[in-house]
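Peer 1: Each chain, written out:
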Amino acid sequence: MDFVRSHILVCGGTGCTASKSPLLIEEFGKQLKAAGLEREVMVIQTGCFGLCELGPVVVVYPEGAFYSRITPADVETIVSEHILKGRIVARLLYHETVSHDSVNSLNDTNFYKKQLRIALRNCGVINPENIDEYIAMDGYQALAKALTEQTPDEVIQIMIDSGLRGRGGAGFPTGRKWQYAKSYKGDQKYVLCNADEGDPGAFMDRSILEGDPHSVIEAMIIAGYAIGASQGYIYVRAEYPIAVQRLEKAIGQAREYGLLGQNIFGTGFGFDLSIRLGAGAFVCGEETALIASIEGCRGEPRPRPPFPAERGLFGRPTMNNNVETYANIPWILINGTEAFAAIGTENSKGTKVFALGGKIVNTGLVEVPMGTTLREVIEEIGGGCPGGKKFKAAQTGGPSGGCIPAEHIDKPIDYESLSAIGSMMGSGGLIVMDEDNCMVDMARYFLDFTVDESCGKCTPCRIGTRRLHQMLDKFTEGRATLEDIDMMEELCAHISKNSLCALGQTASNPVLSTLRYFRDEYEAHVRDRKCPARVCKSLLQYLIIDKCRGCTACKRVCPTDAISGEVKKLHVIDQEKCVKCGACMETCKFAAIIKE
Amino acid sequence: MKSLEELRAIREKAREQMTLRKEDGPQSTRVIVGMATCGIAAGARPVLAAAVEQVSRRKLENVSVTQTGCIGVCRLEPIVEVLAPGEEKVTYVKMTPEMMEKVIAEHIVNNRVVKEYTIGAEEPGPAAN
Numbered sequence: 016m017d018f019v020r021s022h023i024l025v026c027g028g029t030g031c032t033a034s035k036s037p038l039l040i041e042e043f044g045k046q047l048k049a050a051g052l053e054r055e056v057m058v059i060q061t062g063c064f065g066l067c068e069l070g071p072v073v074v075v076y077p078e079g080a081f082y083s084r085i086t087p088a089d090v091e092t093i094v095s096e097h098i099l100k101g102r103i104v105a106r107l108l109y110h111e112t113v114s115h116d117s118v119n120s121l122n123d124t125n126f127y128k129k130q131l132r133i134a135l136r137n138c139g140v141i142n143p144e145n146i147d148e149y150i151a152m153d154g155y156q157a158l159a160k161a162l163t164e165q166t167p168d169e170v171i172q173i174m175i176d177s178g179l180r181g182r183g184g185a186g187f188p189t190g191r192k193w194q195y196a197k198s199y200k201g202d203q204k205y206v207l208c209n210a211d212e213g214d215p216g217a218f219m220d221r222s223i224l225e226g227d228p229h230s231v232i233e234a235m236i237i238a239g240y241a242i243g244a245s246q247g248y249i250y251v252r253a254e255y256p257i258a259v260q261r262l263e264k265a266i267g268q269a270r271e272y273g274l275l276g277q278n279i280f281g282t283g284f285g286f287d288l289s290i291r292l293g294a295g296a297f298v299c300g301e302e303t304a305l306i307a308s309i310e311g312c313r314g315e316p317r318p319r320p321p322f323p324a325e326r327g328l329f330g331r332p333t334m335n336n337n338v339e340t341y342a343n344i345p346w347i348l349i350n351g352t353e354a355f356a357a358i359g360t361e362n363s364k365g366t367k368v369f370a371l372g373g374k375i376v377n378t379g380l381v382e383v384p385m386g387t388t389l390r391e392v393i394e395e396i397g398g399g400c401p402g403g404k405k406f407k408a409a410q411t412g413g414p415s416g417g418c419i420p421a422e423h424i425d426k427p428i429d430y431e432s433l434s435a436i437g438s439m440m441g442s443g444g445l446i447v448m449d450e451d452n453c454m455v456d457m458a459r460y461f462l463d464f465t466v467d468e469s470c471g472k473c474t475p476c477r478i479g480t481r482r483l484h485q486m487l488d489k490f491t492e493g494r495a496t497l498e499d500i501d502m503m504e505e506l507c508a509h510i511s512k513n514s515l516c517a518l519g520q521t522a523s524n525p526v527l528s529t530l531r532y533f534r535d536e537y538e539a540h541v542r543d544r545k546c547p548a549r550v551c552k553s554l555l556q557y558l559i560i561d562k563c564r565g566c567t568a569c570k571r572v573c574p575t576d577a578i579s580g581e582v583k584k585l586h587v588i589d590q591e592k593c594v595k596c597g598a599c600m601e602t603c604k605f606a607a608i609i610k611e
Numbered sequence: 008m009k010s011l012e013e014l015r016a017i018r019e020k021a022r023e024q025m026t027l028r029k030e031d032g033p034q035s036t037r038v039i040v041g042m043a044t045c046g047i048a049a050g051a052r053p054v055l056a057a058a059v060e061q062v063s064r065r066k067l068e069n070v071s072v073t074q075t076g077c078i079g080v081c082r083l084e085p086i087v088e089v090l091a092p093g094e095e096k097v098t099y100v101k102m103t104p105e106m107m108e109k110v111i112a113e114h115i116v117n118n119r120v121v122k123e124y125t126i127g128a129e130e131p132g133p134a135a136n
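These protein sequence lines map, in sequence, to chains A and B.
The first sequence begins at 16 in my numbering and counts up by one.
The second sequence begins at 8 in my numbering and counts up by one.
Treat the hints with care, since some could be wrong.
[To be verified] Here are the simulated DSS-like pairs of lysine-lysine, each with C-alpha atoms no more than 25 Å apart in a straight line:
id	chain 1	residue 1	chain 2	residue 2
1	B	Lys9	A	Lys264
2	A	Lys595	A	Lys404
3	A	Lys100	B	Lys9
4	A	Lys128	B	Lys29
5	A	Lys562	A	Lys610
6	A	Lys100	B	Lys96
7	B	Lys9	B	Lys29
Everything labelled a hint here was simulated from the structure, so no lab data went into it.
Nothing here was measured: the structure is a model prediction, and the numbers come from that model.
Bound-form chain A, shown alone (with noise of 0.2 Å):
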């Protein structure tokens, strides 16, 4: 492989390997030999594009032709006529890379144009199970440079003074952390770090372990140089089987190089990290629930203070970091504080990495600098909602936050502009909505979650959120009265009052948003019986009108023969009958059946 003229970078992460990426790599293998061409083209195996919607994703370099959507039947293609003969096969590529028969790069195009990575630099860009590559790209470089020429106080300054914030969802400054941690005497002391991702539709933690693992690593490193600690955790769901292998793959040659265990660069300094897989619990999220369940212990929170920082795992010092916040530290400590400070606003410094989901036409991962409003996230970056659809609001913060209505779709994103508006930042899930979204139905739903989260050992939140729930239902079914609002109200504010940890104290809050930007909807439940958006089936029902020709369509497909009719003549629903399935809406060609 001396002389290799071209690489074929084939997404890794979740989303294209659920989509067959790693067939690809197979059938590239297989087609390069066929052709003799294994020599000279390296078949290379990246974390995630970003790009998740057009996946699996394959790029060419040095063209950079960027291909979407690439079945193995297309592998073929790209072999003979793009590696072979080096004609780019055009039908296969992004289509907007592709302007008149000319490629261009896909930095121009809408998706990237507008964001800036730091956490995601090395996703996409090198091999996440080759420590060589990410050192060819400064890896490693702010651990030497911390180990060898700076103190640990001076580590925690540049922390400090670069703004950054926890981008685990409080935001909490990082650097102030770091002094706390390093303020606690101990015997022991411990690095965490916080992978357990857990609110629906959020995956920014995930795609960096899978995409770029050392930089975790690194930063982990330099954090327990900080604040004296030689052991770290890295506390991972196990769902996320990828992350966990490549990271298990990263520490065992960060340990080969010695840039793990004892002496690093002949410093004298010793660290190591070991892997802690959780089963899952939503509260381990919160930090001393996560660190009771690396003591083998239940995932259940404890009232601080005691502060990890003063006695954590183990009963000693202890710091814990998110992922996500780790992955910038490497990047600070190598462009410096004012190129860090530099980028997002005053009080929130840096970029945020998100995860688009819901009704939106780019599902995937983006990066953006902070003060970027959520029209550019959404509308540019995102493609907007697909088929047209009326952009409604979007969820921040997953179970944790509140919803954004469109009415604020120009507020830049920051810490403080998102829990004025009632909202937060959250780790970084963003769940789209559209005009066909039921808010009371979209409230329901992240109760839903809490409610089976709820580990149970305060009664606030273990009972509060099960009776909030049984209201949302009464909504959702008709039954709710006008003093059900207000009664909600009331629930939610001792809910969050009284909770133990963050999980209850929050999980209110999809409620209290919906109730602040949609109650002309929760009226509507109950005043009209009526769902706006046509969500909640308990306030619908399904119509024939006279645009029925007769057809039998509908009366074949529906599951509980609620339909009746004769051939060429208008069809009726048993309402009694129908489950509202929706069965016939879908199979009409007639436009003939309708939902009100």
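Fit chain B to the given chain A structure using the hints.
Peer 2: For chain B alone, kept in the frame of chain A given last:
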């Protein structure tokens, strides 16, 4: 890892292997080898290999070696085009790996077009370039 030098050495080595993945800047020179059936039959593959080898041996930055399809004058294959920023395209014909080495050394590195290999030298007269 016992020293910074060790880390630096790994970085330099790995970097070389990754230069391919850089997006072409406006300042980059492109060496394009005709690799259609005619080109390959005439021996374009070793020419391409020689180009890639030379570029990586000499650690040339901002030079990419790519390929293209049939240019149309199949009888002059293997054909290599050099596109340097701000300069006119130069077309070399009937190339061999040895000639390729010389083109890289003279044209790319020293910025002197190897006139005797160009299409103009091969086909003088009105048909030239």
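Peer 1: Against the earlier hints, flag every one the structure doesn't satisfy and list their numbers going up.
Peer 2: 3, 7
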